[in-house]
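Chemist: This note's numbering numbers the first residue of the sequence shown as 1 and each following residue consecutively.
Incorrect hints may appear among the rest.
[Unchecked claim] If you anchor each label on the Cβ, the simulated ranges turn out as follows:
{"#": "1", "residue 1": "P83", "residue 2": "V316", "range": "40 to 46 Å"}
{"#": "2", "residue 1": "T118", "residue 2": "A40", "range": "58 to 64 Å"}
{"#": "3", "residue 1": "K441", "residue 2": "N393", "range": "15 to 21 Å"}
{"#": "4", "residue 1": "K286", "residue 2": "S75", "range": "40 to 46 Å"}
{"#": "5", "residue 1": "S75", "residue 2": "V285", "range": "42 to 48 Å"}
{"#": "6", "residue 1": "I195", "residue 2": "E60", "range": "46 to 52 Å"}
{"#": "7", "residue 1": "L132", "residue 2": "V429", "range": "16 to 22 Å"}
{"#": "8", "residue 1": "V416", "residue 2": "V268", "range": "29 to 35 Å"}
{"#": "9", "residue 1": "L81", "residue 2": "A298", "range": "52 to 58 Å"}
[Stated by the list, open to error] Straight-line C-alpha distance at most 25 Å; calculated PhoX-like pairs for lysine-lysine:
{"#": "10", "residue 1": "K325", "residue 2": "K243"}
{"#": "11", "residue 1": "K50", "residue 2": "K325"}
{"#": "12", "residue 1": "K325", "residue 2": "K397"}
{"#": "13", "residue 1": "K325", "residue 2": "K67"}
{"#": "14", "residue 1": "K243", "residue 2": "K154"}
{"#": "15", "residue 1": "K243", "residue 2": "K150"}
{"#": "16", "residue 1": "K51", "residue 2": "K243"}
{"#": "17", "residue 1": "K332", "residue 2": "K243"}
{"#": "18", "residue 1": "K441", "residue 2": "K397"}
Derived from the structure by calculation, the hints contain no laboratory data. Small disclaimer: the values here were computed from a predicted structure and weren't measured. Ideal placement from N, C-alpha and C gives every residue a C-beta, glycine not left out.
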Amino acid sequence: MLLEVQRRRMKNNNSSSATSVSSVSDSSRCLVVDDDNANAYYYLTPNAAKKLPNYRYQGEDLSPIYKHVLSPLASWCVDNLTPTWMAPNAITLLGLLWMALSYSVIWFWCPGLCEANTELNAAYTVPGAIFLLNGCAMLIYQTLDNMDGKQARKTGSSSPLGLLFDHGCDAVNILLYSANWIAAMAMIPGNVRTILGEDSDNVQTRSIVSDIFGGDAMLACILILGPMTAFYVSTWEQYHTGKLVLPPINGPAEGLLIGASLSIISFVFGPMFWQNTSLADAVIVKLTTNPGGQSFIATLEGRVRNMDLIVLTSVVLVAHEVILKALDVMRKYGVQALRTLIPNAILCISTIMIVLLDSTIFIRIPRIMMHLICGLFVEQTIQLMLDHILEQNFEVKERLCLVPQVLLVAGMLSGVAYSNEALDAFLLVYTTGLWVYLAFKIRIQVYEICDVLGIYCFDIVTCHPKSTKEEDILGTTIPAIGNEDRKRK
1 MLLEVQRRRM KNNNSSSATS VSSVSDSSRC LVVDDDNANA YYYLTPNAAK
51 KLPNYRYQGE DLSPIYKHVL SPLASWCVDN LTPTWMAPNA ITLLGLLWMA
101 LSYSVIWFWC PGLCEANTEL NAAYTVPGAI FLLNGCAMLI YQTLDNMDGK
151 QARKTGSSSP LGLLFDHGCD AVNILLYSAN WIAAMAMIPG NVRTILGEDS
201 DNVQTRSIVS DIFGGDAMLA CILILGPMTA FYVSTWEQYH TGKLVLPPIN
251 GPAEGLLIGA SLSIISFVFG PMFWQNTSLA DAVIVKLTTN PGGQSFIATL
301 EGRVRNMDLI VLTSVVLVAH EVILKALDVM RKYGVQALRT LIPNAILCIS
351 TIMIVLLDST IFIRIPRIMM HLICGLFVEQ TIQLMLDHIL EQNFEVKERL
401 CLVPQVLLVA GMLSGVAYSN EALDAFLLVY TTGLWVYLAF KIRIQVYEIC
451 DVLGIYCFDI VTCHPKSTKE EDILGTTIPA IGNEDRKRK
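Using the sequences provided together with the hints, build the complete structure.
Modeler: Right, here's the structure in full:
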């Protein structure tokens, strides 16, 4: 109905009531923004609707692996395997669907994340092929994620929508591969003694890294919140500087390669490989047999799991990236720039507090907790990117989705009596409501952006009613379906 109203308005007013705006990227489309329509948008203000078509992406990936391996591979795939009629956003979505497939399969076999741990489930066999699937899915996702931008430039269909859509899919994918990592390493995201009894002698109870961080539930939080924090800070940096700069070692390049390798190792050697201490012990033995070795190192034998090395590496890399970016932005824009980090800080702190106050929550409802964390993260990250594109302020006070989680933590700290069943039910309703809200919000935002830019999200061949360009789609031999052709249909 709204589309038909817009068509009649364009037909009646023609060009007299329109404002001409420059094309989105390579002059592939000539756009018209109707001032009356701009006032009718729910999320886009009239000023934002006028600024949107003029946005230009600026970014750089400093990873040597990306420059010399991943980028050339993606270019070859676009030039030789990708049809020119395929929309870049369709490529992005296809990559996310591969990760969703892998996540769903692992969810089926490991609903509680820890089913691959044979010490906990000796009679339950998890097929190793599901971890091979995850490794392949991550590599496919990475390649397709690198291809979408190249396809957009090849077909002349680059747009702010493509940047926002790609960013949103990346935000969702962080939870998918983090959860799959936890399952692939046979981690028990909780206190083993709670499950096996106080007398249990599990490698988890001997891990010095688990002791330092407060248990494997906290390590699970680190594997989930760490990549999210790094991603949010990169978006935050882009919001202030206008340019996305990925460091020489970053998540989209090296991070995904390491994650894929981790999953493939789980397929080859089994998930319990990550729960033994073979790698650290081999180094410790060499150091202690050395005359210069220290006795403290000898005490670490049998106390540093292979999984612990992955967690420590993740902590170091995330902390390094976050600190450097924060210092760089603060040096340029002052301490007040930290204000826009508040939503992510609230998400991380409140999640950690929930896990500390209820150490069994990741054992009881791991998927609900992860989906809640993901939904809150996606909402604030997409909004931050959209505000960057539209050159408008990111309003911290409008992150109302965080309020129930903050109130929950406040209630737990104040000693409010509740049962585990009541808490689990509340989190289920909270998570469901959050994702229903996000589905509607994102759908409306995508529609409004498409309407302003005169494009479709998954179609670069059909000419949008707001587009006045009646020529062939750039980079293809397919003629665009113009408005007159559309009326004849």
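Chemist: List, from low to high, the hint numbers that the structure doesn't satisfy.
Modeler: Numbers 7, 8, 11 - these are the hints that the structure violates, sorted from lowest upward.
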